[in-house]
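Engineer: Residue numbers (this note's numbering), protein chains in the order written: chain A, 1 to 418; chain B, 1 to 418.
Keep in mind the hints are simulated off the structure, nothing from the lab.
Accuracy of the hints is not assured; some may be wrong.
If chains are identical, the list can't say which one is meant, so a pair holds when it fits in one copy or spans any two.
[To be verified] Simulated crosslink set (DSS-like; lysine-lysine; CA at most 25 Å straight-line): (1) K378 x K319; (2) K61 x K179; (3) K216 x K23; (4) K217 x K378; (5) K217 x K374; (6) K378 x K216.
Quick caveat: nothing in here was measured; it's all calculated off a predicted structure.
Protein chains: 2
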Amino acid sequence: MNTMRDDAHKIIDEAIRAVLPEKAVERALSSMHVKNGAVIVAIGKAAWNMAKAAKDLLGAKISDGIVLTKYHHSKGDIEGLKIFEAGHPLPDQNSVIGTSKILELVSQLTSDDEVVFLVSGGGSALFEKPLHGITLNEIVSVTDQLLSCAASIVEINTVRKHLSAVKGGRFASHCNGAKIHAVVLSDVIGDPLNAIASGPAYPDQSTSEEALAIIKKYDLQITENIRKALQEETPKAVENCDTVITGSVSELCEAAAATASALNYHPHILSSFVENEAKEIGHFFGSIAKELKKVNKSQYTFQTPCAIILGGETVVHLKGKGKGGRNQELVLAAAIEIENIDDVIIFSLGSDGTDGPTDAAGGIVDGQSISRMKSACKNPALMLDNNDAYHALEASNDLVITGPTGTNVNDLIVLLCR
Amino acid sequence: MNTMRDDAHKIIDEAIRAVLPEKAVERALSSMHVKNGAVIVAIGKAAWNMAKAAKDLLGAKISDGIVLTKYHHSKGDIEGLKIFEAGHPLPDQNSVIGTSKILELVSQLTSDDEVVFLVSGGGSALFEKPLHGITLNEIVSVTDQLLSCAASIVEINTVRKHLSAVKGGRFASHCNGAKIHAVVLSDVIGDPLNAIASGPAYPDQSTSEEALAIIKKYDLQITENIRKALQEETPKAVENCDTVITGSVSELCEAAAATASALNYHPHILSSFVENEAKEIGHFFGSIAKELKKVNKSQYTFQTPCAIILGGETVVHLKGKGKGGRNQELVLAAAIEIENIDDVIIFSLGSDGTDGPTDAAGGIVDGQSISRMKSACKNPALMLDNNDAYHALEASNDLVITGPTGTNVNDLIVLLCR
Chain A
1 MNTMRDDAHK IIDEAIRAVL PEKAVERALS SMHVKNGAVI VAIGKAAWNM
51 AKAAKDLLGA KISDGIVLTK YHHSKGDIEG LKIFEAGHPL PDQNSVIGTS
101 KILELVSQLT SDDEVVFLVS GGGSALFEKP LHGITLNEIV SVTDQLLSCA
151 ASIVEINTVR KHLSAVKGGR FASHCNGAKI HAVVLSDVIG DPLNAIASGP
201 AYPDQSTSEE ALAIIKKYDL QITENIRKAL QEETPKAVEN CDTVITGSVS
251 ELCEAAAATA SALNYHPHIL SSFVENEAKE IGHFFGSIAK ELKKVNKSQY
301 TFQTPCAIIL GGETVVHLKG KGKGGRNQEL VLAAAIEIEN IDDVIIFSLG
351 SDGTDGPTDA AGGIVDGQSI SRMKSACKNP ALMLDNNDAY HALEASNDLV
401 ITGPTGTNVN DLIVLLCR
Chain B
1 MNTMRDDAHK IIDEAIRAVL PEKAVERALS SMHVKNGAVI VAIGKAAWNM
51 AKAAKDLLGA KISDGIVLTK YHHSKGDIEG LKIFEAGHPL PDQNSVIGTS
101 KILELVSQLT SDDEVVFLVS GGGSALFEKP LHGITLNEIV SVTDQLLSCA
151 ASIVEINTVR KHLSAVKGGR FASHCNGAKI HAVVLSDVIG DPLNAIASGP
201 AYPDQSTSEE ALAIIKKYDL QITENIRKAL QEETPKAVEN CDTVITGSVS
251 ELCEAAAATA SALNYHPHIL SSFVENEAKE IGHFFGSIAK ELKKVNKSQY
301 TFQTPCAIIL GGETVVHLKG KGKGGRNQEL VLAAAIEIEN IDDVIIFSLG
351 SDGTDGPTDA AGGIVDGQSI SRMKSACKNP ALMLDNNDAY HALEASNDLV
401 ITGPTGTNVN DLIVLLCR
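Bound conformation, chain A alone (with noise of 0.2 Å):
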């Protein structure tokens, strides 16, 4: 038979799999009729991977196409392809010379031609061009002016996207009613179109109105070209365009609960929307794990064997100094509840493989996770407080280490009970 621990290995190897961008854009393709002389546009950090599975799969289907990616992400020619890198998390001038090699691409389309359009995350920095007459210094000005007043990201995007050349749906109107198949690989939890990549096939529902509203809001200090920008309203309906999710933290829960399910688990998706404080979800698990084994349960608790799953991604307020994760967080806040409970495995990671500033992905514990601790004269307890999971599950060898994972749709974790 195989230990929880294999079984948990095997959910999360899967689920992984599940949403690399190859088999991500595999699916959402499947689904799609892509005609003839169709051109490519990706964008993002998965840029190169999605444009390299969509072309192994349309092969001769795809006349042209640009990839835009971030630097040092590109992992060689894609044939036919023009791939372009530039700056991230903040747009450089290589954005907006890739963002216009694809608007001179585009605009030769007519509405009888079709554009592949691959989405994902970092698109924002990546794919950025400045609305006519005002520059990328001047967008970045404003936008330090908001981060330093505590705008909320939404007024933040409000803003940003009416300063674009190809933000809020700007892009889809570029493309001359060429029918675009959008492929969005989903990183934001509840997958909002109109902020994934700031939505540039996407209609924008914030106004130039607002825009302007959140300028005067916080007493901005704007050069009369930006205002003159704001006051171009974003389209408020995109026709040409078709969306396809994919990859998305809903398929990551999905796939994990499919292999729980082949490995004789009942899994039990609770939510894919998870964005509390880590460690308050690791208590939460435990507290359901004693749940699961009351001695006498209720008929309305999960039937055991069972998987119980959650996606998105929690969030950590540092307290102390320690090095750790959100995910390594939430696993040694679970350990301290499940502790010397038997057939019980929590774990939890991030599925880009990273967490937090450290080499693993997350941990992975179990009732006897705090005993292994002690034995190596650690305090759970006090490194929890201190932030300092991630030496906590070493000393228990409890880490997750999977490296670069290649995807970036949020985090899994996973409550195994037999």
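Since chain A is already given, all that's left is putting chain B on it; use the hints.
Structural biologist: Chain B alone, transformed into the frame defined by chain A:
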């Protein structure tokens, strides 16, 4: 058709009814065979109600008995029983007087006799007599010192049990081998019998050695009498006692689930061990609601209509100066997350009918709660930050006000989704 709010209130009513002391005692005693001539000993805040229910049920079988409850918690005479009232949350001289009367009563018993021992929350303070040779003042002084040096609750209880003539299994030792039928109304999460009312008829796991080590660890100033008392060991086995736990938070959740099921919601008890930060649970329930309302719902998610049920007791770390309670804070946080989501209701309340220093038991929110608050010119996010949930929920007409319910088995937290 019922509105979801009607359903929610029905669930609240039925769940609380199931854990009223009368019902709980009735259920527990139905599984016990009590001999003629048994005596009743009832301690705790619910002692009067429990004793009344037991006397009504067992009638002439009861030969004698004593009720020891908090001031103003007696509701009149109960035929054949003596009633004492004493201090809570701090024990006073009347605690010692009442406890002495109980010990006098049981000291006359033999191994042919039986005791119906009814235990409820508050028993630690109400049922207290210092071990021979020490005074209540000496105990209070040690407890004060432990509190001021931030000793853990486990440490405080270890010391207090060793200083008491009745805690930590010692009450059972006074009964001369008479059979004790203990009926425990649990107000402690996880129903730890050694903790409820300090476990008067339950073997003590803590040792004299541990108690002395705690005195040393915190360098406490104690009298010679206290030191002597700490050297006496508490019982490590209690042979003459059967215990039934009743009216616990598990039964609260179970009754909520059964009622929800009768109203055609699929009920799921996630956990009856919840001790998280209140607003984190509210936020998390919001993320479950989003999953249930997702366009392409997973087959592995709960089928709607459903009732997701939690029991336990959340906590609030106060930052602001507003008015509220943990249940009100929880639902305000949830309301922010479910804004504009239809057919979802989230409620949370204290089963005793009180929540923080307010006249409400908790709150009940839906997708329109936030807009009702905003219409009343309230800022829900700011009010949550200021721990001012009461005034936010008052504005949206979302307070749950039950008045004192007569029971106290932690909180019930439910999400209904159609």
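Engineer: So, against the hints stated earlier in the document, which numbers end up violated here?
Structural biologist: When the structure is compared with the hints, only number 3 turns out to be violated.
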